[in-house]
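Build the full structure now, drawing on both the sequences and the hints.
Count along the sequence shown from 1, add 4, and you get the number used in our numbering.
I should point out that these hints are in silico values taken from the structure, not numbers from a laboratory. Any given hint could turn out to be false.
Label pairs and their in silico Cβ distance ranges [claimed, not checked]:
| hint | residue 1 | residue 2 | range |
| --- | --- | --- | --- |
| 1 | SER50 | ALA168 | 35 to 41 Å |
| 2 | VAL90 | LYS164 | 43 to 49 Å |
| 3 | GLY230 | ASP282 | 51 to 57 Å |
Listed below are the simulated PhoX-like cross-link pairs for lysine-lysine, each with C-alpha atoms no more than 25 Å apart in a straight line [said to hold, decoys possible]:
| hint | residue 1 | residue 2 |
| --- | --- | --- |
| 4 | LYS182 | LYS227 |
| 5 | LYS152 | LYS136 |
| 6 | LYS190 | LYS133 |
| 7 | LYS133 | LYS304 |
| 8 | LYS143 | LYS133 |
| 9 | LYS164 | LYS312 |
| 10 | LYS227 | LYS304 |
| 11 | LYS157 | LYS304 |
| 12 | LYS125 | LYS136 |
| 13 | LYS125 | LYS143 |
| 14 | LYS164 | LYS109 |
| 15 | LYS182 | LYS164 |
| 16 | LYS136 | LYS312 |
| 17 | LYS182 | LYS136 |
| 18 | LYS312 | LYS143 |
| 19 | LYS136 | LYS190 |
| 20 | LYS109 | LYS125 |
| 21 | LYS284 | LYS157 |
| 22 | LYS152 | LYS312 |
No residue lacks a Cβ here, since even glycine has one placed at the ideal position from N, Cα and C.
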Amino acid sequence: MSISPGKIAVSDVIASAALEALNQKIVIGNLVSRDAETDYVPGVGSTVNVRIPTKLTAHDVARGGDMPSDSLDEKVIPVTLDVHAVSQVHSNAHDVTLDIKNYAKQVVGPQVDAVAGRIEKRIAAELDKVVKADGTTAKDAQGQLIAKPVEHKPADAFSKALIAAGEVLDGNDVPLEKRILVVNPKFRAAILSDPLLVADHNAGTPELITDGASRLATNYMGKRYGFDVYLSTAITGAVAFTAGAFTLANVAPRSNVGGAQGRQVKDGYALRHATGFDPKKAADFSHLDAFCGAAVMDAKRCIGITVKAA
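What follows is the structure in structure tokens.
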């Protein structure tokens, strides 16, 4: 393949627009910790080290007593960039000349959807670890056991399971503010079937079902029992958590000599976009890719919810 120098500027514009679209297409990734990228250094391997803030305890000191001192022992966990999400599309002369009217909408748009979906699945896999945990084997990146999920009995109101999940977080000293609940369609139905949860709350926007897990704002179902609730079609159950429970790392591949443009924005997502001509196929191509990885960072800050088997 060869990259056309004349298209680099166009690719640069498209990449910037694609980044904005990518940010809008991801749900779970926008709800978890994204501090990993700030410590990533290109060219030093596929591991990102994430710092976990030290938790200190205050001491009572008697009059005239010795002053106790704690060590500032900051933990670091590794997150591997184990997914290379790639979308490449070739457009022949017929496509480019006769069929493609809006390149960004018809070509790059679906590519962004594909890459965003793969990033969403990667972080969703970490939430699923919490949903499927047995309480004795699965561990987070610090080596802590992931607790067995709360069970929701279909015959019970879902509010009962939500109260139980909140009780687990309370017991782990998880702050009340900014608690999140991500649910799959089955649990969304359970919420809408519980009059205690439906009263005085919206059920989401009209786009909630048609778009699936595509936008953070439209997938918001309101606040229930102290949790901001979101729908995601990428997980197998429901997970209650705060952002510090999970971490997602997303890095753009380096721009290559041929001219593929990597773009990273602060507090957003990263990707590389390239356009060019493939002489072997006699076709233009659009290439879009990104690296990502994820981990359960602190099992104390999350609890899964599953449906109890009959």
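Here is how each hint holds up against the structure:
no.: 1; hint: SER50 x ALA168: 35 to 41 Å; result: holds, 39 Å
no.: 2; hint: VAL90 x LYS164: 43 to 49 Å; result: holds, 44 Å
no.: 3; hint: GLY230 x ASP282: 51 to 57 Å; result: holds, 54 Å
no.: 4; hint: LYS182 x LYS227; result: holds, 10 Å
no.: 5; hint: LYS152 x LYS136; result: holds, 8 Å
no.: 6; hint: LYS190 x LYS133; result: holds, 18 Å
no.: 7; hint: LYS133 x LYS304; result: holds, 14 Å
no.: 8; hint: LYS143 x LYS133; result: holds, 9 Å
no.: 9; hint: LYS164 x LYS312; result: holds, 13 Å
no.: 10; hint: LYS227 x LYS304; result: holds, 22 Å
no.: 11; hint: LYS157 x LYS304; result: holds, 24 Å
no.: 12; hint: LYS125 x LYS136; result: holds, 16 Å
no.: 13; hint: LYS125 x LYS143; result: holds, 20 Å
no.: 14; hint: LYS164 x LYS109; result: violated, 45 Å
no.: 15; hint: LYS182 x LYS164; result: holds, 20 Å
no.: 16; hint: LYS136 x LYS312; result: holds, 12 Å
no.: 17; hint: LYS182 x LYS136; result: holds, 24 Å
no.: 18; hint: LYS312 x LYS143; result: holds, 22 Å
no.: 19; hint: LYS136 x LYS190; result: holds, 16 Å
no.: 20; hint: LYS109 x LYS125; result: holds, 23 Å
no.: 21; hint: LYS284 x LYS157; result: violated, 58 Å
no.: 22; hint: LYS152 x LYS312; result: holds, 12 Å
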